[in-house]
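Protein sequence lines, in the order shown, are assigned to chains L and W. Just so you know, we're using the working numbering here: the first sequence kicks off at 1 and counts up by one. Just so you know, we're using the working numbering here: the second sequence kicks off at 1 and counts up by one.
Hints are computed from structural coordinates only; laboratory data are not their basis. Please note: incorrect hints may appear among the correct ones.
Below, a list of computed lysine-lysine pairs in the BS3-like style, where the Cα atoms sit at most 27 angstroms apart [as the list claims (entries may be wrong)]:
hint, chain 1, residue 1, chain 2, residue 2
1, W, 362, W, 343
2, L, 39, W, 463
3, W, 90, W, 493
4, W, 538, L, 501
5, W, 479, W, 318
6, L, 621, W, 250
7, L, 39, W, 362
8, W, 527, W, 547
9, W, 590, W, 567
10, W, 318, L, 501
11, L, 39, W, 318
12, L, 593, L, 608
13, W, 343, W, 318
14, W, 592, W, 567
15, W, 562, W, 547
16, W, 74, W, 567
17, W, 570, W, 590
18, L, 501, W, 590
19, W, 509, W, 544
20, L, 39, L, 117
21, L, 588, L, 621
22, W, 567, W, 544
23, W, 582, W, 547
24, L, 39, W, 33
25, W, 248, W, 221
26, W, 404, L, 412
27, W, 463, L, 169
28, L, 545, L, 593
29, W, 343, L, 412
30, L, 117, W, 463
31, W, 592, W, 562
32, W, 493, W, 509
33, W, 479, W, 527
34, L, 588, L, 501
35, W, 90, W, 106
36, W, 590, W, 538
Distance ranges between label pairs, derived from CB positions [stated by the list, open to error]:
hint, chain 1, residue 1, chain 2, residue 2, range
37, L, 360, W, 533, 32 to 42 angstroms
38, W, 255, L, 61, 27 to 37 angstroms
39, W, 336, L, 1, 48 to 58 angstroms
40, W, 441, L, 88, 20 to 30 angstroms
Remember, it's a predicted structure, so these values are computed and weren't measured experimentally. Don't be surprised by glycine CBs; every beta carbon is placed ideally from N, CA and C.
So you can see what is in the structure, the chains are spelled out below.
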Amino acid sequence: MAVLSLAAILSFSCRLFSVLRFESVIHEFDPYFNYRTTKFLAEEGFYNFHNWFDDRAWYPLGRIIGGTIYPGLMVTSAAIYHILNLVNITIDVRNVCVFLAPLFSSLTTLVTYHLAKELKGPGAGLVAAVMIAIVPGYISRSVAGSYDNEGIAIFCMLLTYYMWIKAVKTGTLFWSTMASLAYFYMVSSWGGYVFLINIIPLHVLTLMITGRFSHRVYVAYSTLYVIGTILSMQISFVGFQPVSTSEHMGAFGVFGLCQIHAFVDYVRSRLNKIQFEVLFRAVISTVAVTGILVLVVLTAMGKIAPWTGRFYSLLDPSYAKNNIPIIASVSEHQPTAWSSFYFDLQMLTFMFPVGLYFCFTKLTDENIFIILYGVLSIYFAGVMVRLMLVLAPVMCILSGIAVSSMLSTYMKQIDDVKTEKKKAKFEGNYFMRSEIATFFVCVMSVFLVMYTLHCTWVTSEAYSSPSIVLSARGHDGSRIIFDDFREAYYWLRHNTPEDAKVMSWWDYGYQITAMANRTILVDNNTWNNTHISRVGQAMASTEDKAYEIMRELDVDYVLVIFGGLTGYSSDDINKFLWMVRIGGSTEKGGHIKEHDYYTPAGEFRVDKEGSPTLLNCLMYKMCYYRFGQVYTEGG
Amino acid sequence: MEVIVKVLVTLLVVAAGAAAATYDSINRDVINKKVDRKLDISSQLLKITNKITLENGGSGAVRSFLLAFTRQEKENLSYLNAQSGGTVLKFGEARVQEHRDIEFYKVELKDALQPGKTVNVEVEIIMTQLLEPYPATIQQGEKQLVRYAGNHYVLSPYTTTTQTTTVTLPSPNIESYSRLKPTTHTDTSITYGPYDGVAGFSEDPMNIHFENNSPFLAVTKLERVIEVSHWGNIAVEETIDVLHIGAKLKGPFSRYDYQREHNSYSSIKSFKTIMPASAKDVYYRDEIGNISTSHMRVQDDAVELDLRPRFPLFGGWKTHYKIGYNVPSYEYLYSSGDHYILKMRILDHVFDDFAVDELVVKIILPEGVRNIVLETPYPVERLPDTLHFTYLDTVGRPVVSVTKRNLVESHIQDFTLHYQFPSILMLQEPLLVVIAFFILFITVIIYVRLDLTLSKDDATEAKMRVSSYCEQVHTHHDKRARLYEKLEEELQKLKSSKDVAQSQTATKKIQATIRDETQAIADIGAKIRADSAEYAEKVLELQKLDKILRDSVLQQLTNVEKLVAGKMSKQQYMDADAPLHKKKEEALEKIKSILGNI
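Whenever a hint applies, use it, and build me the whole structure from the sequences.
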């Protein structure tokens with residue numbers, strides 16, 4: 001108990017590095033949108049929020065915010081805000097938002113403890129809880145200020161798993177209903193719920209194949225699917241997707257199978273063996289054939305939407321690169337590098353297979369679940385960097401199981417030796433048992449200590465910078481803070497007309513609407529490819545053509561980020577090739593061809609040998625305007 | 001009700017109007033014997049200091065005199081102060097029938113001026129926004145030129161015998177200036193006069209067009225919130241909107257030129273705010289977070305904050321920020337019993353030569369404060385009191401708000417706020433916390449103890465009963481085990497001391513208690529049988545094993561006694577003892593395993 005509460009506090013406090021280093025600000029890009037919507041929700045109430053048509057974004061199209069977001073995060077923080085203010089604890093929305101992710105990660109540690117306890121025992125639970133409290137892969141998305149859906153979604157996901165495992169174990173309606181409520185919360189907070197609604201049916205399917213299907217599983221899954229689906233359809237962004245898209249069809253199919261399986265079991269208990277065999281074959285074949293036929297026909301008729309691009313890219317990593325540049329251009333959607341596995345998980349990478357081994361040695365219904373979860377998520381994490389987040393908890397759970405199993409095995413050896421010294425002499429088959437056990441426990445502790453050190457280091461160095469404020473070391477070792485982003489946004493906020501339209505690349509969209517409070521053309525919700533492409537064309541065209549496009553789009557200001565002077569590498573020139581690619585990917589951008597922007601030697605150069613198309617485009621002109629007169633450190 | 005109030009208000013307004021409508025007349029007896037005027041236009045403000053020597057040329061005593069302003073001057077008049085010989089003179093607005101276009105202030109002299117006597121009066125006037133940038137828009141590298149249009153003569157209702165005007169300029173760069181002889185120009189000042197025998201209300205347009213790159217920064221709105229806590233802290237937060245009111249920026253802004261060439265003369269990069277010396281926990285931020293470009297210097301008499309807005313301010317640009325700090329309350333809050341006095345600045349320094357268009361001061365007092373009386377050094381408009389809710393509040397904290405327009409540095413003066421606060425209310429907040437936790441714990445306690453199940457679950461009940469019985473069995477058994485250990489000890493003692501009699505009395509006693517314990521376990525076993533036969537069997541088995549154990553121990557005891565008494569040889573004893581010992585060990589082992597199961 002004490003260890004657990006300590007772990008929860010630890011997980012909260014180690015995420016506050018960024019607040020201490022910098023200040024209590026919202027980080028990154030998406031959180032700014034979430035912050036803005038939360039503020040709106042807190043001030044205007046849910047009904048207005050639900051009907052909110054945002055004319056500040058996607059000028060001139062606008063965006064229906066209420067129907068195009070997962071409101072779980074905003075509702076959660078607005079609820080916290082209102083409750084706190086009800087008891088006269090005056091805290092502003094921003095601080096609620098900043099500290100929401102750490103709060104939820106400490107809740108996650110609690111849930112992880114319970115989950116691992118269900119799987120293995122309290123020992124494993126504690127180890128897993130402590131591990132998840134500091135695992136960098138999770139911290140990266142849940143530091144204070146990183147106010148994003150993932151922050152609470154991981155909590156919801158683990159909560160659903162816990163409830164699900166409870167439901168499978170007990171087979172009661174209570175737990176399965178709780179599981180569907182947790183699932184509803186998950187659906188309301190993150191698009192990643194699709195992972196959940198696929199892995200649970202998969203678990204059921206595996207149980208069926210391995211012959212472990214029972215009434216408990218039947219009750220649990222049927223309840224979860226029915227209630228969960230109905231609830232999830234209440235989220236307006238999800239709408240009818242659970243019954244109309246391919247991603248959800250698996251769950252539906254398994255639901256059907258469940259009924260058939262249960263029915264077959266019932267029939268089998270009533271018929272003799274031979275009759276049953278005949279019936280079974282006939283029914284199975286007809287059902288399978290009709291099922292597949294119906295599915296194909298419906299897909300062909302367009303009743304069931306095919307998989308979206310992001311899901312294709314999950315199954316086929318090269319899909320996005322070839323077809324949809326806008327998905328590929330997001331660094332989060334890139335395949336994960338091996339090093340980042342180690343960086344984010346450290347020793348968990350090695351403990352993971354060990355945990356799998358322990359799960360296999362004692363196969364139970366719930367162990368099968370965690371094995372499935374582990375194996376699937378490690379695949380997905382390999383495909384997309386972002387999904388490292390889904391992997392981190394299961395890594396912790398499995399490693400927790402591994403560490404606690406191994407330690408308890410070896411600790412017993414040490415203990416035994418102490419009490420039964422006399423007997424040890426006669427048991428020659430274990431040579432130096434106590435010494436080896438002690439050595440092993442020491443090595444394990446060293447591993448754990450190293451893990452802690454690594455996590456602390458990663459957290460403080462890599463994941464605690466808000467990216468809106470940059471810091472660097474000056475010549476004399478003092479810290480220099482670059483606050484140029486906010487300088488620009490704040491200037492826009494106070495010194496441009498209220499209705500000014502700002503054109504920038506979509507990365508900065510959310511930040512401009514939130515901080516500068518000005519209308520923007522495109523933002524991080526990349527729902528309209530052609531519109532983004534139009535902006536890309538404007539950036540990549542020559543000045544006179546760009547002017548025409550900008551007149552067409554009614555642009556007043558253009559914002560570009562140029563890091564040439566300070567050596568900030570992720571500026572707009574760095575992203576420029578994506579603008580070219582995305583700009584050229586639609587009809588209107590036919591004149592933009594990627595190879596025009598390379599030198600004849602095929603390089604992307606921005607100096608005087610660069611291709612003339614590049615040197616005359618709007619983006620280049622804006623970034624390098626009079627840059628030649630500046631002397632940088634490089635000379 | 002509301003109607004009545006409205007009527008009353010209207011009546012009051014009419015009455016006030018009627019009172020103001022009483023006209024003053026110009027006393028022809030008063031003569032300005034000498035007027036020495038200093039015009040300071042080196043900053044964005046127009047600071048005028050008039051040293052007037054008044055003479056009573058008539059026969060009756062003079063009690064007051066009039067100061068005259070043009071209508072425009074009156075609109076921009078921010079601060080007016082008149083003093084004579086170190087004492088501040090009272091003044092009020094006045095009107096003169098014949099001169100409707102001129103605004104007057106009537107200054108009461110300290111002592112009536114007797115005929116033929118003179119008195120020296122020093123009048124200090126500060127006006128804002130009378131310096132007009134000309135040209136109104138400039139480019140980034142250009143210097144800011146301003147124009148001042150005034151009067152060569154001091155506007156006065158009285159005849160002036162002799163007067164001089166000295167104009168102080170920020171730099172020697174002057175585009176042009178009007179000349180009314182005698183006029184001399186040296187470096188950064190222009191001197192007009194002396195002019196002799198100037199009649200009352202004489203005007204002659206003065207024009208000076210000069211370079212002025214001092215910050216033309218107006219605080220368009222300043223909201224100062226003072227939150228008083230009786231726990232020893234006063235938190236001050238100022239929300240400030242500033243606007244650069246100098247010549248507007250024409251054309252583009254080039255960061256490159258700005259940083260390399262330092263030619264943006266009129267732009268404002270940073271300014272200094274001076275805060276009280278005891279200020280701590282200073283913060284400087286705006287809607288989007290902390291502004292990381294500021295420096296704080298703690299000096300002996302003040303804390304100096306070098307504020308740098310997020311971006312340099314050019315003409316027409318504005319920004320908005322908040323600064324806040326805490327000061328200890330003992331420096332500003334005085335008390336005598338339940339009566340408290342808060343004495344603080346109504347306005348604090350923002351930057352040098354600042355001008356505030358609109359000031360709102362809100363004073364948040366602790367909960368339960370009564371009888372609030374506010375005294376201000378100059379008239380301000382009192383806004384209706386409101387309530388503020390924050391941590392641990394129940395009825396809300398009273399908020400006193402006042403507002404005033406057009407203020408300058410000279411308005412930095414103290415207000416005094418009297419109020420009553422029963423010190424018992426200090427306990428309210430800690431009590432609230434205590435009660436909240438108390439209720440929380442009580443609820444938890446009640447919840448844990450409460451049995452909310454609708455139907456009795458016999459199986460679980462029985463299980464729980466059995467487990468509590470088992471626990472009792474454990475305790476009893478533990479006691480018994482200890483007694484056996486004692487018995488063994490006695491045995492060993494007997495071996496060495498060979499005192500049979502004493503040993504027998506001791507062992508008898510121990511045996512008796514062992515019997516009691518065994519009986520107790522047997523009783524519990526009977527009780528368990530009602531709920532769980534399985535556990536009862538186990539207890540029975542335990543008892544059986546115990547009997548074996550006891551028998552073997554007692555046998556050992558008699559053997560030892562025999563040995564001591566010499567009825568048994570050593571060898572015999574050893575032979576008899578070995579199987580007993582083994583038996584005992586076996587029984588103990590079995591008991592252990594059974595206990596583990598119970």
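Hint-by-hint comparison with the structure:
1. W/362 with W/343: holds (14 angstroms)
2. L/39 with W/463: Between residue 39 of chain L and residue 463 of chain W the Cα gap is close to 54 angstroms, so the pair fails against 27 angstroms, i.e. violated.
3. W/90 with W/493: Distance of about 110 angstroms is beyond 27 angstroms: violated.
4. W/538 with L/501: It is violated: about 84 angstroms lies between the C-alpha atoms, which goes past 27 angstroms.
5. W/479 with W/318: Judged against 27 angstroms, a Cα distance of about 85 angstroms means the pair is violated.
6. L/621 with W/250: With a Cα-Cα distance of about 22 angstroms, the restraint between residue 621 of chain L and residue 250 of chain W holds, given a limit of 27 angstroms.
7. L/39 with W/362: Roughly 25 angstroms separates the two Cα atoms, so the pair holds.
8. W/527 with W/547: holds (20 angstroms)
9. W/590 with W/567: Violated: residue 590 of chain W and residue 567 of chain W sit about 33 angstroms apart, past 27 angstroms.
10. W/318 with L/501: Roughly 19 angstroms between the alpha carbons, so the hint for residue 318 of chain W and residue 501 of chain L holds.
11. L/39 with W/318: holds (25 angstroms)
12. L/593 with L/608: holds (20 angstroms)
13. W/343 with W/318: With a Cα-Cα distance of about 32 angstroms, the restraint between residue 343 of chain W and residue 318 of chain W is violated, given a limit of 27 angstroms.
14. W/592 with W/567: violated (35 angstroms)
15. W/562 with W/547: The hint holds at about 22 angstroms.
16. W/74 with W/567: Roughly 132 angstroms separates the two Cα atoms, so the pair is violated.
17. W/570 with W/590: violated (30 angstroms)
18. L/501 with W/590: Answer violated: residue 501 of chain L to residue 590 of chain W is near 87 angstroms, above 27 angstroms.
19. W/509 with W/544: OK: residue 509 of chain W and residue 544 of chain W at ~22 angstroms, within 27 angstroms.
20. L/39 with L/117: violated (38 angstroms)
21. L/588 with L/621: With a Cα-Cα distance of about 22 angstroms, the restraint between residue 588 of chain L and residue 621 of chain L holds, given a limit of 27 angstroms.
22. W/567 with W/544: Given that 27 angstroms is the threshold and the Cα spacing comes to 31 angstroms, the pair is violated.
23. W/582 with W/547: Since the Cα atoms of residue 582 of chain W and residue 547 of chain W sit roughly 15 angstroms apart, the hinted pair holds (cutoff 27 angstroms).
24. L/39 with W/33: Violated. Residue 39 of chain L to residue 33 of chain W sits at ~67 angstroms, over the 27 angstroms cutoff.
25. W/248 with W/221: holds (20 angstroms)
26. W/404 with L/412: Given that 27 angstroms is the threshold and the Cα spacing comes to 79 angstroms, the pair is violated.
27. W/463 with L/169: holds (22 angstroms)
28. L/545 with L/593: holds (15 angstroms)
29. W/343 with L/412: violated (72 angstroms)
30. L/117 with W/463: Since the Cα atoms of residue 117 of chain L and residue 463 of chain W sit roughly 24 angstroms apart, the hinted pair holds (cutoff 27 angstroms).
31. W/592 with W/562: Outside the cut-off at roughly 31 angstroms; violated.
32. W/493 with W/509: holds (16 angstroms)
33. W/479 with W/527: Status holds; Cα separation ~20 angstroms.
34. L/588 with L/501: The given pair, whose Cα atoms are some 22 angstroms apart, holds under the 27 angstroms limit.
35. W/90 with W/106: holds (8 angstroms)
36. W/590 with W/538: holds (11 angstroms)
37. L/360 with W/533: 32 to 42 angstroms: holds (40 angstroms)
38. W/255 with L/61: 27 to 37 angstroms: The hinted range 27 to 37 angstroms holds for residue 255 of chain W and residue 61 of chain L, with Cβ atoms some 33 angstroms apart.
39. W/336 with L/1: 48 to 58 angstroms: holds (52 angstroms)
40. W/441 with L/88: 20 to 30 angstroms: holds (21 angstroms)
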